[in-house]
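Q: Next come the chains, spelled out residue by residue.
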Amino acid sequence: MSLISKLKSCTKQLAMTVLLTASQAHAAEPSPGVADDTIRIGVTGPLTGPVAVVGAVAEGIRARIEQVNAEGGVKMGDGKTRKIELVIEDDGLDPQRTLANVRKMVEQDEVFALVGTAATPNNLAIGRYINQKKVPNVFMYSGVHALNAPDWEIGFVPSFATEADSFAEYLKVGRPDAKVAFLYLNTETGEIFMKAFDRAIEGTSIRVVDRQPVTSQDPTVETQLNTLKASGADTLVIIAAPRQGGEAIRFQSESGWKPLTLVTNLSSAYPILQSVGLENAKGIITSDFLKPIVGDKKTDDKGIDLYLDAAAASKVNFNVANTIGQTGYAIGDALVQALEKLKEPTREELMKVVRNIDGWQNPLLPADIKITTKEGSDIFPIEALQLYQFDGQKYVPLGGTLDFEAETKE
Amino acid sequence: MSLFFQLVVSGLTTGAIYAALALALVLIFRATNVVNFGQGEMATFSAYCTWQLMEWGAPLWVALLVSLAGSFAVGVITFRAVIRPLMSAPVEAIVVVTLGIFVLFQAAGMWLWGAEQRSFPSLFPDGGFNVGDVRILNSTVGTLVILVMIAVLMGLIFSFTRLGLSMRAAAFDHARSVLVGVNVERMLMLGWGFAAVIGAFAAILIAPRLFLNPTMMTPILFYGLAAATLGGWDSPLGAIAGGLIVGVAESLGASYLSFIGADMRIAVPIALTLLILLVKPVGLFGSYKVTKL
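Those protein sequences? They're chains R and S, same order as listed. In this text, residue positions in the first sequence follow this note's numbering: the first is 44, and each later residue adds one. In this text, residue positions in the second sequence follow this note's numbering: the first is 8, and each later residue adds one.
Treat the hints loosely; a few may be bogus.
[As the list claims (entries may be wrong)] Facing chain S, from chain R, some residues (calculated, C-beta under 7 Å):
1) Pro93
2) Pro256
3) Thr270
4) Pro314
5) Gly320
[To be verified] Over 10 Å on every C-beta distance to chain S, these chain R residues come out as not near it, computed from the model:
6) Gly120
7) Gln151
8) Gly217
9) Arg218
10) Glu234
11) Asp241
12) Arg250
13) Glu265
14) Thr342
15) Ala355
16) Lys437
17) Leu445
[Said to hold, decoys possible] Label pairs and their calculated CB-CB ranges:
18) Val103(S) - Ala143(R): 17 to 25 Å
19) Lys176(R) - Val73(S): 48 to 56 Å
20) Leu119(S) - Gly115(R): 28 to 36 Å
21) Leu10(S) - Arg242(R): 28 to 36 Å
22) Arg218(R) - Val73(S): 17 to 25 Å
Quick caveat, the hints were computed from the structure, so don't treat them as lab data. Positions of the beta carbon are idealized from the N, C-alpha and C atoms, including for glycine.
Using the sequences and the hints, build the whole thing.
A: This is the structure:
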C-alpha cells in the first residue's frame, strides 16, 4: 500500500469513527446491563463477618425490588417496563473484597449501576475504579458523602454532620450548660460527627470534657466508659457500632452513672434496645429520618404497610424493626423512583437524575422529610431529622422536624 | 486514684470474658494437643441453642443442661466427622480443619438465626455493688467464681484421676498410649466433648455481656489465644490468670498510655505476653516438658 492510500484509509476510518460517535450521542446506546425488559443492578455489603448486621441494607433493597418486580417491573422514562435483576455480593465489610466484587459485577455481570454500597471505607475503596469505568454508585449507605468519585456517586442517609447538628440543637435548648463526653467510632464517621458538633456549639456554654475512641471490633468498651464517667460529664454522646453502642446504653443503668444519653442511629434501632433490655434504654435520645417501626403489626400508615408486606413476601433475614433493613428498603424505593425518571437508560442520565432530586417522597420517610439534591450545590439527599426519646416501650417524638436543608458541611 | 481501681475492675470484667474462652482452648489443647480455632464459634452455636430452647419456653436451667449435653454430642460428632479421619495427618492439617470448623459454625449460626444481636439472660442478678467509689458488677464476680471452680475441677481430673491421666497420655503420644492400653480414640473423643461443654458454658456466661450474635466470639479469639499463651497452655488456672492479666493490661494501657489509640489497644497485652514469654517460654503457669534420656 502506498503512503497516500494508507493516509486515505486512515482518514476514512477517522471520519467513520467521528460519524459513529456522533450518531451514538444522538440515539444514546443503552449502557451495559440494560435490555428491553430487564436492567441489572449490583449490591455489595457485609452479608457475613463481624458487622454482618449491616447486610440488612442489601436485604432491604432486595425486598423493595422483588416487590416492584412482582408488580411487573418498573416503567422507565423511555416508555419501556423493565424488571430489575439484582446481583448481590458479600464483602464482609472488607474494602478490598468490595473492590473485587465491584470489578466482577461491572466486568462480568455487566451491571448498569451499583446501589446501597455499605460503609465509608468500602465506598472509598471503589471510588477510583467506578470513576474510571464511569459506573454510577448511587444511594451509598455511608454517612460521609464527599468521597473520591464525586461525579459517579451519591449518598442517601443523612450525613453524620446533620445528626451532630440535631444533637447540638437539642442541647442548646434542653441542657445549655451540658458537659459532654463522646464515645466515638475512630473512623471518618466519628471525626465528621465531632467536627460538626464542635462547630455547632461554638459560642454556647456547652463544653466537651472528654472523648474516648472505639472500634467496631472492640470486645467491650468498659474501660472507655469508666474513663468517661470519671470525666465529670453529665451528657454522653454515643457514636458506635451496635455491639459497643448497646453496651454503652446499658452502662447507664448498671454503673450508677446517669448522664443524658444521646445515641446516633448507628446503634439506636429498636432491636438493639431489645438486646440491651428496653428498661435499660429508657430515656435515651436519638434522631432519625425514618418513621418509627417497632413490630410487624399493620399500621394505618400506607408506606409502613407496604414495607411490612415486602419484608414478609421476601422473607428478609432481619427483624422488621431494624432500621438498617428499613434504610435498605428506602434506598430500594429511591432507586425505583430514579429509574422511573430516566428518559434514556444510560449511566450519565442516571447520575443527572439523582443529582437533581426535587423533593421525592419515600414510603418509610415522614411526609415532611423529603429527598432533595441539586447539581453543584447539594449532594446530601436527606438533611432533615426528627428527635426521639425512648420511653421504655417506644420512641416518642421530641418537638418537630429539624430541617437543615442545604446547610450540611462535612 | 479511684479511677485507677475502677479501670482495674473493668479490666477484670473484660478479662473474665477472655479467661472463659482461654479456659476452653486450654482444655482442648490438654486433652487433644490441638488448638481448636473453631472453639469460640462452636461455643456461640451452643449459646444460641440455649437461647432457642428458652424462646420455645424452656426454663433457663433446663435449656442450659440440655444444650450442654447437646454440646458434648456436637463435640464428639465434630471429632468423629472431621478430626478422626485426619488423625495421622500433620498437626498443621488439623489446625486448618479447625479453621474450617470456625467458618462452618459461624455460617450455620448466621443462616439459622441471622446477624442481629439479641439479649441473653444472665445467670447472675443484674446490677452491682460499690466498694468505696469503685463499681463492681455481680456478673464479673459470678463469672470469675464459676471459672475458677471449673479450672480447679479440670486440674483435679487431669492430675489425679485415671481418666485424666489417660486423656493426657492419649494427647501426648498416640502411638505409645495405644501400647500401654489406652483407648486413644475414645480419649480424644471425650476431650472434644468436654471441651465443647466448657466452651458452651463459657459462652453462656459471657453472652449476656457481649449480646448474643453469631460473631460475638470472633474478636475474643485473639485475646483468648494471648491469655492461654500467657498463662501456659497446660494450665487451666493459668488460662484464667492470663485472661485477667490481658484484660487489666489492656484497660490500663489504653487509658494511661495516651499514644495508644483505639486501634492499638490489643498491642499492650500482646507486648506483655511477648515479654513474659521471653522470660518464661512456657507461660506463667506452664510446665516444662522433661525428656529423660
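Q: Please go over all the hints and tell whether each is borne out by the structure.
A: Verification of the supplied hints:
Taken as an interface hint, Pro93(R) checks out: its beta carbon lies about 5 Å from the nearest beta carbon of chain S, inside 7 Å. Restraint check, Pro256(R) versus chain S: the minimum CB separation of about 4 Å is within 7 Å; hint holds. Annotation: Thr270(R) was flagged as interfacial toward chain S, and the flag holds, the nearest CB pair being 6 Å apart, inside 7 Å. Against a cut-off of 7 Å between C-beta atoms, the interface hint on Pro314(R) holds, since the closest Cβ of chain S lies about 5 Å away.
For Gly320(R), the interface hint holds, the least distance from its beta-carbon to any beta-carbon of chain S being 6 Å, beneath 7 Å. Listed as a non-interface residue, Gly120(R) keeps its Cβ farther than 10 Å from every Cβ of chain S; the least gap is roughly 37 Å. Listed as a non-interface residue, Gln151(R) keeps its Cβ farther than 10 Å from every Cβ of chain S; the least gap is roughly 24 Å. At roughly 27 Å from the closest C-beta of chain S, the C-beta of Gly217(R) stays outside 10 Å, upholding its exclusion from the interface.
No Cβ of chain S comes within 10 Å of the Cβ of Arg218(R); the nearest lies about 24 Å off, and the non-interface call holds. With a least beta-carbon separation of about 12 Å from chain S, Glu234(R) lies farther than 10 Å from that chain, consistent with its non-interface assignment. Consistency note on Asp241(R): stated as away from chain S, and its beta-carbon is indeed over 10 Å from all of that chain's, at 19 Å minimum. Distance check for Arg250(R) against chain S: the nearest CB is about 20 Å away, which clears 10 Å, and the non-interface claim stands.
A cut-off of 10 Å between C-beta atoms contradicts the statement that Glu265(R) is not in contact with chain S; the least separation is 4 Å. Under the 10 Å C-beta cut-off, the non-interface status given to Thr342(R) relative to chain S holds; the minimum distance is some 22 Å. Against chain S, the non-interface label of Ala355(R) holds: every CB pair exceeds 10 Å, the least being about 15 Å. A cut-off of 10 Å between C-beta atoms confirms that Lys437(R) is not in contact with chain S; the least separation is 17 Å.
Distance check on Leu445(R): its Cβ is at least 29 Å (rounded) from any Cβ of chain S, clearing the 10 Å threshold; non-interface status holds. Taking 17 to 25 Å as the suggested C-beta distance range, the pair Val103(S) and Ala143(R) conforms, at roughly 23 Å. A hinted range of 48 to 56 Å for the beta carbons of Lys176(R) and Val73(S) is consistent with their spacing of about 54 Å. Taking the beta carbon of each, Leu119(S) and Gly115(R) are about 34 Å apart, inside 28 to 36 Å as hinted.
Between Leu10(S) and Arg242(R), the C-beta spacing of about 30 Å keeps the proposed range 28 to 36 Å intact. Between Arg218(R) and Val73(S) the Cβ separation comes to about 50 Å, which falls outside the hinted range of 17 to 25 Å.
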